[in-house]
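Chemist: Work the whole structure out from these sequences, hints included.
Just so we're on the same page, my numbering is the position in the sequence shown counted from 1, plus 4.
The set of hints was computed from the structure by calculation and includes no laboratory data. If you're wondering where the values come from, they're calculated on a predicted model, not measured in any experiment. Even for Gly, the Cβ is constructed at its ideal location relative to N, Cα and C. Hints should not be assumed to be uniformly reliable.
As the list claims (entries may be wrong) - Quick list of in silico lysine-lysine cross-link-like pairs, DSBU-like style, CA-CA up to 35 Å:
1. Lys228 x Lys200
2. Lys269 x Lys200
3. Lys676 x Lys799
4. Lys269 x Lys228
5. Lys695 x Lys799
6. Lys676 x Lys695
Said to hold, decoys possible - The following label-pair restraints were derived from C-beta to C-beta distances:
7. Val166 x Gly272: 22 to 30 Å
8. Phe429 x Arg605: 56 to 64 Å
9. Ser611 x Asp646: 18 to 26 Å
10. Asn248 x Met582: 26 to 34 Å
11. Ala360 x Thr58: 32 to 40 Å
12. Thr547 x Thr669: 19 to 27 Å
13. Ala403 x Pro751: 54 to 62 Å
14. Leu550 x Ser673: 51 to 59 Å
15. Glu444 x Arg736: 50 to 58 Å
16. Val66 x Tyr734: 46 to 54 Å
17. Gly901 x Thr590: 52 to 60 Å
18. Val166 x Asp446: 28 to 36 Å
19. Ala403 x Gly901: 49 to 57 Å
20. Arg990 x Leu550: 40 to 48 Å
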Amino acid sequence: MANEIRDAFRETFRDYVTEGVPSSGSHQVKKKDARNLGNVVQTQFQAAAAGNITAATWSQLVSTPGSRVGQPGQVAASDAGTHTDPVVGGTVKNSGEYRWSGTAWQRTGDIIDTVTITSKISSAEDSIARVGAIAAVRSIPEASQGLPVVVNSNPWRTARNVNANFAGWQVGVRPNRPLIPAEFVMPLIVPSDTSKLTLAIYRRPASSADGPFVGNDIIVMPEKDYSLADTGATIGQMSQVRFNIRGIAAVLDPASLYGFVVFAKDAGGNPLALVCGQGGTLPVNPQVARGYYFNIPTGTWLGPPTSSVAYELVGNEVDDVGRLKVDLANLLAATGAVETEAKTTNSLTGYYGTSAGFTRWQVGLLLSGDVRGAHISATMQGVPDTSRIRFRVYRRPVAVGDSSTGTDFNAFGTDPTDEMVLERFYRVSDLGMVVGAWTEADFDLSDLGVLSSSFIYGVDWFGIKADGTAATLGFGFNGNAVFPAEPDYRRGFYSTNGTTFAVLNDASSLAYTLSVSAFESGAGAPHRPIVPTIISPDTDEVTQSLSLTVAIRSMTVMRPSGNLSIPGTSVTFDPVVMSSLSNQATVLAAGSLTTPNLPSRHQYIGSIEVVNPGSGVVLVEGTHYSIDRNRGSLLRLNGTEDYAVLATYQGYEHRYDLIVADATTGAISVVKGTSRIIDPENYRPQVPLGKIGLYSCYVWRDGVDLMPIHRFPRQVHLDRRAEHQETLEYNRRVLAPVHARAIRQDPIIMVGYGDSITSITGGGTPDQLSPGGIFRDRVSFFARFPADTLEMIEKFDIDGMPNPAGLYMHCGWNWYIKAALEMYGSDVTYLNFGVGGSTSANSITGSTYNGLHPDRLNPVLATGAHLMVLAFGMNELSATTTYANVVNIIKQAQAAGMVVLVVTPPRRSSWIDGNYPTAWLRTHDELVRAALDTGSAVVSLHEILGYGNEGALGFSPRNMCNQNVINHPSLAEFLSIGEFVARLFR
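Modeler: This is how it looks when you write it as structure tokens:
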């Protein structure tokens, strides 16, 4: 490919009839031109998709000319030589990736090391990909994707594979590079009685033995139905049938072989004779690469001896594996989908009936990664006197495996290392079993919490009569001949007396399906927790319900004494208090963002009527006034003069409740909080003794928000404890000089430098060029709050002496740092240089000196301070200059002998920013980068307030920055953030 695609798009979507000549008129895109783009793209992709030519040396590649422009080539890493690029010149390495230019091979980059890349796509991500396969609800974000290409193909060569007994086709495909799949294409002639086409995708290691894909392979996508219209198939004609597989969200990696299995089926689901196009793959290739057909008379898969199956696999190359890792993790959190890791699913080939006298069955599970929320199903048959099924799960270290010292062929429960971790008794009626009939019964494993890949799990089924003696139990098997090479536990064990075992024969294994609801990264819950740890199927995001009834999913508390099950249930919250207020006198004034300004100070408003008392005229919303019903803000829209009005309206209170579980029984209950007009965050209920906190619940006019506090023990996410600890250790290394002074009990001077969140201004404008003063750290900063809340604040005189009637408070995070350092015995002087409304810029805005302006910064540098706590950003969200300004301030502070700690801004109310505050996140990232690039300490408030992290503190985004419902934290937020920041100094 040169620039054909780019040029075609530029031509089709040009601005003017004659490009570059505005006077020629605006160009309107014609449908035929847009349709032609598809032809251009298809042609170019097919040109680039000719088979990849691999060579051991550069000389070997040179001796093999390409067949199409854009054809890929590759020289092995073992060729350490160099050569002059024949297309663009210059000396290049021999090893690498190449493209055929039409006349020569041009080197395009270093070799794609499939082993290295595959190792980066860890087992957790692979698991995530397979979870997405079942969910089929969204695709991997485009940021992770490269150019769409036909990565693998066996082009159709016009010949056909035809036989009345050929009723299905499959082919094994090994991607030549990591691929996000988009489409699988196969040339087919579909018979007239076709009701649907089906496609299933399997996976096995690329090193595995040849053979058709059947039940013992991992399922990437279970059999999915496609209509003829979905695929473009035409009855009775050879068509390029296209199966859309974008929704599976999987990454196909070069270390695996993928089986694509296609059927045409009638209305009853029966396979039909299906003609498939022949490809050019030679008979010398492995049969799995040439493909197999399903033979109707024998019901088996057979390989055409002299032909192959034609196909194309289309997808997106993975440009950025690291970014893909993040996208896959986010995808898993968003889907909460179910994966099926099935060794024998859909390949049940026979039954061990009850006539053989079997009473007990076992099979071992070896997982590719840590999982949770699992359940297993198996096909069984009971006899009339079978009353119950005893279901057990054993756990054995992987290192022991089949080298167990146990008897009976290493059956589970016979080795000293085996540990029984679950036992349940099921009535056959509860399992849906009918005497004499074969039934697929499902058994829940979720009570086990995380199933670890470091153990083999032995699953045990035992038929029991009503009198407690052994009952005969039939079991389905998979007659697959690859199992002789597998460990005994993979095939399974049987018993005829319930106590001694034998291993299944070499030609069979127990049929079962293992399903899991989520894959663990391994960094989450410990396998053997010291303290109770909750395993939940929840994601980290806030659950926002516009109903007061919400469903709570079941959870497991992992404990040393045994796991505790918290059953799923539904919870209904009491509605909030609504007050009808009549003829409330207020002033209709112009403005933009304001705090709630109706007389009652309600934030949430229902119906409202506004009357001009002088004329008696009822004013019209949208003409005379606007009302923000979620922020209680009434504003004038017309005229030039503010005027008095009477408002009659409904005002709604809000509150925080808690959902808790009993630590002994697991029973769920609700702890109701205090309903407030203004500040429910200051009156949140505490988790009672003997209970486990699950959700902080913000109840408001239209519904309830649930913050999953159980995912954030001690304010740190279960899966990010290692990252948190690493950041904590980094910060403590940076802050070591300050710690050393504190330990020596030397005097410490610390400076707070930032905007109003540092200044905490009330009652007037402080001296911007001097610290402290009568207008900083004022209780009146919270003047919007009612008297009972203000009474909660410890008050001081200006000199720092406690005084119940004082005008000052110590609630900002800098006061928490000061208190933490004073615990060592040091005399700590705090100098508050915050200025409300300021940014980090080197400028004066109105009368406000910004942070980098020398008239404001120089007095700070002259204090001789040992620590600067730098906190700009709230007034410059998304600004492109923040990074450079903050780096400049830090470097000047460091030159003056200060250690610098950067604190990112709190999160603004979602009534201002929405649920995903993009501008706030951009500024957060710039501040973190500025800190790290200068060797400064940094506290990310995104870690405890950001999207997906709300469970750390339990505040709803609707209720954040509730001092003004815009951008100033509330009292409770300051207290929680202060405790979090002060950890660095304790």
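Chemist: Run every hint past the structure and note whether it holds.
Modeler: Now for the hints, and whether the structure bears them out:
1. Lys228 x Lys200: The hint holds at about 10 Å.
2. Lys269 x Lys200: Measuring from Cα to Cα gives roughly 6 Å; hence the hint holds.
3. Lys676 x Lys799: holds, 30 Å
4. Lys269 x Lys228: holds, 12 Å
5. Lys695 x Lys799: The given pair, whose Cα atoms are some 34 Å apart, holds under the 35 Å limit.
6. Lys676 x Lys695: holds, 14 Å
7. Val166 x Gly272: 22 to 30 Å: Distance hint for Val166, Gly272 holds at roughly 24 Å.
8. Phe429 x Arg605: 56 to 64 Å: holds, 59 Å
9. Ser611 x Asp646: 18 to 26 Å: 24 Å Cβ-Cβ, so the 18 to 26 Å window holds.
10. Asn248 x Met582: 26 to 34 Å: violated, 50 Å
11. Ala360 x Thr58: 32 to 40 Å: violated, 52 Å
12. Thr547 x Thr669: 19 to 27 Å: holds, 24 Å
13. Ala403 x Pro751: 54 to 62 Å: Once the Cβ atoms are compared, 57 Å apart, the range 54 to 62 Å for Pro751 and Ala403 holds.
14. Leu550 x Ser673: 51 to 59 Å: The hinted range 51 to 59 Å is violated for Leu550 and Ser673, with Cβ atoms some 23 Å apart.
15. Glu444 x Arg736: 50 to 58 Å: Roughly 56 Å apart at Cβ, these two residues keep to the hinted range, so it holds.
16. Val66 x Tyr734: 46 to 54 Å: holds, 51 Å
17. Gly901 x Thr590: 52 to 60 Å: Holds, at about 53 Å.
18. Val166 x Asp446: 28 to 36 Å: Since the Cβ atoms of Val166 and Asp446 sit about 42 Å apart, the hinted range of 28 to 36 Å is violated.
19. Ala403 x Gly901: 49 to 57 Å: holds, 55 Å
20. Arg990 x Leu550: 40 to 48 Å: holds, 42 Å
When held up to the earlier numbered hints, the structure conflicts with 10, 11, 14, 18 and fits the remainder.
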